[in-house]
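Student: Chain by chain, the residues run as shown.
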Amino acid sequence: MDLAFFSVQLLNGLQYGLLLFLIASGLTLIFGIMGIINLAHGAMYMIGAYLVYDLTLRLGNFWLAIMVAIPIAIALGLVIERLFLDTLYKRDHLYQVLLTFGLILVLNEAQRIIWGGNVHRVVVPAPFDFSIQLTDNMQYSVYRLFVMGVCLALAGVIYWVIRHTRLGIIIRAGAVNRDMVEGLGINVRTLFTLIFSVGVALTAFAGMIAAPLTSIAPGMGDSILITCFVVVVIGGIGSIKGAFWGAIIIGMATTFGAVLIPSLASMVIYLIMAAVLLVKPRGLFA
Amino acid sequence: MLHRYPKRAAFIMLILTTLIAAFPLWGEVVFGSQANFILEKLTLMLILALFAMSLDLLVGVLGLVSLGHALFFGLGAYTLALASPDFSPASMWWMLPLVMGVSACVGLVIGVLVIRTKGIFFIMTTLAFGQMLYYFISTSQFAGGTDGVFIMFRPSLELGGSTLLDLDNPYSFFYFCLGMLLVGYLFLRWLTRSYFGQVLDGIHDNEHRMQALGYATSGYKLIAFVIAGVMAAVAGMLAAMQYGFANPAQLGWHTSGEVLMMLILGGMGTIFGPILGAFAYEILLYIYEHTTTHWPILMGVTIIVAVLILPRGIAGLIIAPPWHRKRQTSAEIVGKESKASVSAQPVTQSKED
Chain A
1 MDLAFFSVQL
11 LNGLQYGLLL
21 FLIASGLTLI
31 FGIMGIINLA
41 HGAMYMIGAY
51 LVYDLTLRLG
61 NFWLAIMVAI
71 PIAIALGLVI
81 ERLFLDTLYK
91 RDHLYQVLLT
101 FGLILVLNEA
111 QRIIWGGNVH
121 RVVVPAPFDF
131 SIQLTDNMQY
141 SVYRLFVMGV
151 CLALAGVIYW
161 VIRHTRLGII
171 IRAGAVNRDM
181 VEGLGINVRT
191 LFTLIFSVGV
201 ALTAFAGMIA
211 APLTSIAPGM
221 GDSILITCFV
231 VVVIGGIGSI
241 KGAFWGAIII
251 GMATTFGAVL
261 IPSLASMVIY
271 LIMAAVLLVK
281 PRGLFA
Chain B
1 MLHRYPKRAA
11 FIMLILTTLI
21 AAFPLWGEVV
31 FGSQANFILE
41 KLTLMLILAL
51 FAMSLDLLVG
61 VLGLVSLGHA
71 LFFGLGAYTL
81 ALASPDFSPA
91 SMWWMLPLVM
101 GVSACVGLVI
111 GVLVIRTKGI
121 FFIMTTLAFG
131 QMLYYFISTS
141 QFAGGTDGVF
151 IMFRPSLELG
161 GSTLLDLDNP
171 YSFFYFCLGM
181 LLVGYLFLRW
191 LTRSYFGQVL
201 DGIHDNEHRM
211 QALGYATSGY
221 KLIAFVIAGV
231 MAAVAGMLAA
241 MQYGFANPAQ
251 LGWHTSGEVL
261 MMLILGGMGT
271 IFGPILGAFA
281 YEILLYIYEH
291 TTTHWPILMG
301 VTIIVAVLIL
311 PRGIAGLIIA
321 PPWHRKRQTS
331 AEIVGKESKA
341 SVSAQPVTQS
351 KED
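Protein chains in written order, with the UniProt record's numbering: chain A, 1 to 286; chain B, 1 to 353.
For reference, chain B alone in the conformation it holds in the complex:
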C-alpha cells in the first residue's frame, strides 16, 4: 500500500517544499510586516508535520490507532525543559540524544504493555497511558504542575567552540526544523520501503499470516512503536523550543486527537500526507480562531465532514484525483479489480518466492 505514487505527488511536494524553504526570500514581499509572524507559524507547522508523520508509522503503516501519541510529544518537551540548565543554554549535541533516549525508554516500557492489545483495546490503553503521564505531570511539583515549565534558553548548536547554527534566530531555527522534517521524512520513506517496513505492511494486512510465516510480530510492532515515539519526542522538543515552555496541554489527549486529525486530513499511510495535513489543520485553525470565539465547533464540524467525505485525505486527492477516476474506461477498472482480487487472496506469492 505504501510503495509507488504518481509522479505528480512528488512534484507537488517538491514545489511546496521549495516554496516554504524560500519563504525568507518572498515572505517579506508578500506579507510585509506580518512576515515574522508567518515564519513562526510555518516553523510550528513544520514541527507538527514531523509529529503527524511519526504517528503515520503507527496508524497508516502498521494499522495501530494510537490515541496517546501526545504522550511522547509532551515527553520531548518536558525532557528539554527539565534538563536545560537555568542560566545557560544546553548543547544540542547531548540534548537531542537525551530526548531520544528518554522517549525510547518510555516507549519501550509502555510499548511492551500496549502492544499486547489490539484494535479498540490499543486505542483505549494508549489513551489511558497518555492521560496517566498527563495527570502525573500536571500534579507534580518538580514539573511546575498545570503551569508547566519555562525554557530560559534554547539549546545551542556549536562545533569546536563556534556557533554552527544560531537557534535563537527565527530564520535559522526555521531551517533547523525544516531540516529535521526532511531527515524524518527520508528516514520514514527508507524505513517503510525496507525489509522491516515490508513486514510492518504485512502485519497491517494480516497479522496472523505474518505469525504463521514465522515473524515475531510483537517485536516488529514494539520497534515501530518506539521509533514513532522517539520521532514524536523530537517534534515535542522542537515545539517546546518554539513556544519557550513545556505545558501539560502538550501531553493531553486533545493533542493526540488533533494530531490524528492532521493525519486523516492529510491522508494516512502515505508519509507525505501528514505533512500536508499538519499545514492544512493549522491554516484552518488560524482561520477559525479569527472567525469566532466558538471556533472548536467549526473544527468539530470540519473533522466530522472530513471523516464522512474525505477519508483518504488530501494525499488521496493527489494520488487519485476525482476527475481521474471518472476518465477511467470500464476495461481499466475491470483490469484493476481483477488484479486487486488476486492480491487480496490470502496466499502471498512474493513471500514464497
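With the rest of the complex left out, here is chain A:
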C-alpha cells in the first residue's frame, strides 16, 4: 500500500467515521438523557436522504432542499416524541424496543409508498462538484472534504453546547440523575422533546449530506443503525466523547478492513466490539 492510497483510505475512513458520529451522537444523547432506545433512528437517516432527493428534484437546488428538509425532520421528531414516546419513559426498555421497531416498519413502508422501491442518486452539488488531484491517477472528491468539515464543525458545536452552556449543564446532569434535575425545577418534559428532536434532526441531517455520496435505497437505515449501535457500545452509552472516538474507530476499521481483509470485512466491527466488551463491558469512555 503506497502512501497516496493509504491517505485516501485514511480520509475515507475519517469521513465515514465523522458521518457515523453525527448519527451515533443523536442515538447516545437520546439514550443518555431520556433513557430511550430508539431503533427508528436509522429510519430517520433514511428519511433524511429521501427528503433531500425528493426536494432536490422539486426545488432544483441541493442546498435549498437541505434548508427545507431540516425543519421537516425536526417536526417529525417532535410528533414522534409527543405522540408515542411520551407514555414509555417509565416503562421497561422492552416496550421502547418494540414500539420503535413498530415505527421502523411504519416508516420503512411509508418510504416505499411515497418514493417506491427503486435506488436513487443525488448529484454532488455545485460548488463542491470537483476533485483534487492527489497523484497522477488518484483524486479525492472535494465534497467528501466538505462533509468532513461540516461534521467536525457540528461535533465542535455539540461539544461547546454540552461543555459551556447552561443547556449543556442540564443535559450532563440529566444523564447522571434525571430525578434530581427535575427536582431542581427544570422542565424535563420540554428538555426531552428538545433532545429527541435534535437527535432526530442530527441523524436526518447526516442522511441529507450523505445523500450525494451513497445510493439512496430502501432499508438503508437498518444497516447504519446497527453500525451506530456498535459505535455506541464501544464508546459507552450516553457519552458524546465515546460516540466520537467510537465512530472514528469504526470508520477506520470498516474502510481498512475492506481493503486489507476483504473476507472478514463485514465482521471486523463486531470483532472489535467483542474485544471492547471483554476488556471494558461498559464501553471505552463510560
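The reader is advised that the hints may include incorrect statements.
Said to hold, decoys possible - Some chain B residues well away from chain A (every beta-carbon gap over 12 Å; in silico): (1) 7; (2) 8; (3) 12; (4) 14; (5) 97; (6) 98; (7) 220.
As the list claims (entries may be wrong) - Derived list of chain A stretches under chain B, where covered just means 3 residues or more per stretch with a C-beta under 8 Å from a C-beta of chain B: (8) 227-240; (9) 269-275.
Think of the hints as simulated: they come from the structure by calculation, not from any bench. Note that CB positions come from ideal geometry on N, CA and C, so glycine has one too.
Model the placement of chain B on the given structure of chain A, informed by the hints.
Tutor: Here is chain B on its own, set in the frame of chain A:
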C-alpha cells in the same frame, strides 16, 4: 411472578391444544381443499411458538431483553442445512444433538460476552452479535451467501431400521412439532418452578440482592442464556425442515424483532403466553398480507398499539380479564395492595426461613 395462574388459563390452553391436535380430523371438513395449506401454517405456528417461548425465558423470566435471539434460530437452521448429506436423509438421532450442541457452544461463547452487560447494553450487544453472524453467513461461500442453502432431505426418525415417524409426511411432521412444543413447554414450566427458576426470578427482581445473598448471578444468567439459545436453535431446525431451506433472513434482526413482538402480543413471563402470541402474530400477518402489499405498515401500527394499550398481552387478558378487575370490591383491592407492598419490601422473608 410466574407461579400460579387462574384455572381458566390452563383450561383455555387445554382446549386450544386439543383443537389443534385434532386438526387433521376436522380440518378437511371446515377448510376443504385448503386443509393442507392450513396444516402447513399451523405447523409453522407451532415452531414459532417454541421459538417465542424460548425467548420468554430470557425476557419474561430473567428480564434480559435480547434483540439477537434470531441468531440461534438461524444457527439451528444452518446447522441442519450444512450438516445434512446431499443425497440421503440425515438421522434425527444425531441431528438433534448436533444442533443442540452447536447452539450450546455458540451460546456459551456469546453468552460470556453479553452477560457482562445489562439493560440497554444487553439489547445492543445481542443485536450486534446477531448481525455479526448474519453478515458472516450472508457473505460466506460455504453457506450459499444471501441465497441460503436448500435442504434436499428432511432428517429421518428411525429405530432399529424401521421408520418411527415419517417426517416427510406433513401430518406426522405436524405432530412431531406439536410434540416438541409440548416438551419445550413442560421443560420450561418445570425449570421456572424449580430452584433454578426461583433464582432467575430473584435476579429479575433484584440482581444485587441475589448477589448479596451469595448467588453467582452471572452463572445463572449464562445457563439461562444457553438454554434459551438451544431451544431457539431446535425451533430453527424445525423451521428449516418445514421451509426446506436455511436463509440469512432467519438470522436477521427483523426476525428477532418479530419474535419479541410475538412475546409481547402473547404476554411475557407466562411461558404459555408466547404460544398464543406466535399464533396471533402469524394469523395477523396472514390477514395483513392478503389485505395490502404494504402490510408492514399495518403490522407496525399493530405493534405500536399493542405496546401502548396491551402491554401484558393476550395472557394478561386471560389471567386478569378487564371485566374481573371492575368487579373487585375496594376492600379486595386494598387487601391486594397491602400484600403487594409487603412483598415489595427489599427483605426477602422466604429466603431467610
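Student: So, for every hint listed, does it hold in this structure?
Tutor: The hints, checked one at a time:
no., hint, verdict
1, 7, "holds, 29 Å"
2, 8, "holds, 26 Å"
3, 12, "holds, 24 Å"
4, 14, "holds, 29 Å"
5, 97, "holds, 28 Å"
6, 98, "holds, 24 Å"
7, 220, "holds, 18 Å"
8, 227-240, "holds (count 5)"
9, 269-275, "holds (count 4)"
The structure fails none of the hints (numbered hints given earlier).
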